[in-house]
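Trainee: These protein sequence lines map, in sequence, to chains A and B.
1 is the number of the first residue of the first sequence in our numbering; add one for each residue after it.
1 is the number of the first residue of the second sequence in our numbering; add one for each residue after it.
It is worth saying that the hints were derived from the structure and are not from the lab.
Hints should not be assumed to be uniformly reliable.
[Stated by the list, open to error] In silico SDA-like links for lysine to any residue, alpha-carbon gap of 20 angstroms or less:
hint	chain 1	residue 1	chain 2	residue 2
1	B	K85	A	N49
2	B	K85	B	V55
3	B	K85	A	G53
4	B	K85	A	T38
5	B	K85	A	D239
6	B	K85	B	G60
7	B	K85	A	T25
8	B	K85	A	S23
9	B	K85	A	D73
10	B	K85	B	R48
11	B	K85	A	N89
12	B	K85	A	V18
13	B	K85	A	T19
14	B	K85	A	F219
15	B	K85	A	T66
16	B	K85	A	S52
17	B	K85	A	P40
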Amino acid sequence: MAIRLGSTRMLTDSSGEVTGTFSYTALGRPASSTGTETTPLGYAGQLTNESSGLQYLRARVYDPGTGQFLSRDPMSDVTGVAYAYAGNNPINGYDPSGLCNANPFSGGFWTEGNCISESPANPIPYYEREIEAWEAGCSYWESIQYGFKGAAVLAADSAGLYGVVRAAAGRAAAAGVDVVFGHGSRHLAGTGLAQAEVEAAIQSQVASQMARASAAGGFWGRVVVNGQTISYRAYVLPDGTVNVGTYYVVP
Amino acid sequence: MIMALLRQEFPGRQALREQVSSLAVAPIDVEGSLRLEAEGPRAEVRERVPVEAMVEDVDGVTIHVLLHVVDGLMSELEIYKDDLKAPRRELSPDDFRLVVF
Chain A
1 MAIRLGSTRM LTDSSGEVTG TFSYTALGRP ASSTGTETTP LGYAGQLTNE
51 SSGLQYLRAR VYDPGTGQFL SRDPMSDVTG VAYAYAGNNP INGYDPSGLC
101 NANPFSGGFW TEGNCISESP ANPIPYYERE IEAWEAGCSY WESIQYGFKG
151 AAVLAADSAG LYGVVRAAAG RAAAAGVDVV FGHGSRHLAG TGLAQAEVEA
201 AIQSQVASQM ARASAAGGFW GRVVVNGQTI SYRAYVLPDG TVNVGTYYVV
251 P
Chain B
1 MIMALLRQEF PGRQALREQV SSLAVAPIDV EGSLRLEAEG PRAEVRERVP
51 VEAMVEDVDG VTIHVLLHVV DGLMSELEIY KDDLKAPRRE LSPDDFRLVV
101 F
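Take the sequences, apply the hints, and build the full model.
Mentor: Encoded structure:
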């Protein structure tokens, strides 16, 4: 059972009997618990490592012990907040993506539509972040700031990449393959490659392999993006989802 | 754990062993991956990931432990599970199956 910000506060068995209760500090550190039942979904309903207490929030890892992310917000020049969680207001907000302060009690949280993301002139990294932020529940204004940033760099980067990536992603979607990525993006630091273009290339190749029914269990592959070779590790789950556990540039 | 990865011979292994004493580490994800900052002789490895360990989790899904080397220096100990869930068992180097590249 989860309430307010989505934190797991109670577990019950199939008959409705309470098997565990949990409470948290304002920053999300476990404060107390009862019962023997545990769950990896803790504060704000997010995946929590049992031994370290760290929370995986997709783009970044959060430490509820300090109220800080372990890495800098990649858009801190826009947000003005480098490491703090939920805009230093965790009572009313949370951050499911590591890229925003999502406040379910704000009016903006429920706003529909996103005109900036529909612009074909939006540079890919900012476009992706904008979409991720929106889908993670960020407010309209918080999401759209990424689009504004993208528009600002557009003058220096208009190589038509948008269409390439959209086409690759479209082919994967057409093949009906659900591809999930793990850690790989952090290995692109210093390579000049964008996460979106690399993952689109991998996704396209994985979809192609799956379409030929030649992939099962674990497999490795390589793709070339902008002249650089990327090695990736993939694993096919029983439901057909392909997990790309990691990828990295081959020197 | 890193010394366990370096127990099997591969190009650059000796230089990596000499880097171990200078290592600074920091956690970077909930699976237990570590960012590594090393000093010492540069290792001439053939691949960015010259060695990998694999071990089965309690549910039978494989956990991977990859040593990343950038510019001859250890840069990351990456841990992930094939199903992308967090590992549920303590990683014991005694159970590692090593693959060198």
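Trainee: Please work out if B/K85 and A/S23 have their alpha carbons no farther apart than 20 angstroms.
Mentor: violated, 24 angstroms
Trainee: Is the straight-line distance between the alpha-carbon of B/K85 and that of A/F219 20 angstroms or less?
Mentor: holds, 18 angstroms
Trainee: Sort out whether B/G60 lies within 20 angstroms of B/K85, counting only the CA atoms.
Mentor: holds, 12 angstroms
Trainee: Hinted pair, alpha-carbon criterion (20 angstroms max): B/K85, A/T66. Please report holds or violated.
Mentor: Between B/K85 and A/T66 the Cα gap is close to 24 angstroms, so the pair fails against 20 angstroms, i.e. violated.
Trainee: Regarding the pair B/K85 and B/V55, is the alpha-carbon distance no greater than 20 angstroms?
Mentor: holds, 14 angstroms
Trainee: Compare the distance between the alpha carbons of B/K85 and A/N49 with 20 angstroms, and conclude whether the hinted pair is satisfied.
Mentor: Within the cut-off at roughly 10 angstroms; holds.
Trainee: Take the C-alpha atoms of B/K85 and A/V18, compute the straight-line distance between them, and say whether it is at most 20 angstroms.
Mentor: violated, 26 angstroms
Trainee: Taken at face value, is the distance from the CA of A/G53 to the CA of B/K85 at most 20 angstroms?
Mentor: holds, 15 angstroms
Trainee: Holds or violated: B/K85 and B/R48, Cα atoms, limit 20 angstroms.
Mentor: Violated: B/K85 and B/R48 sit about 24 angstroms apart, past 20 angstroms.
Trainee: Does B/K85 pair with A/T25 here, judged by a C-alpha cut-off of 20 angstroms?
Mentor: Measuring from Cα to Cα gives roughly 25 angstroms; hence the hint is violated.
Trainee: Does the structure keep B/K85 and A/S52 at a Cα separation of 20 angstroms or less?
Mentor: holds, 15 angstroms
Trainee: Is the straight-line distance between the alpha-carbon of B/K85 and that of A/D73 20 angstroms or less?
Mentor: violated, 24 angstroms
In terms of the numbered hints stated before, the structure departs from hints 7, 8, 9, 10, 11, 12, 13 and 15, listed from lowest to highest.
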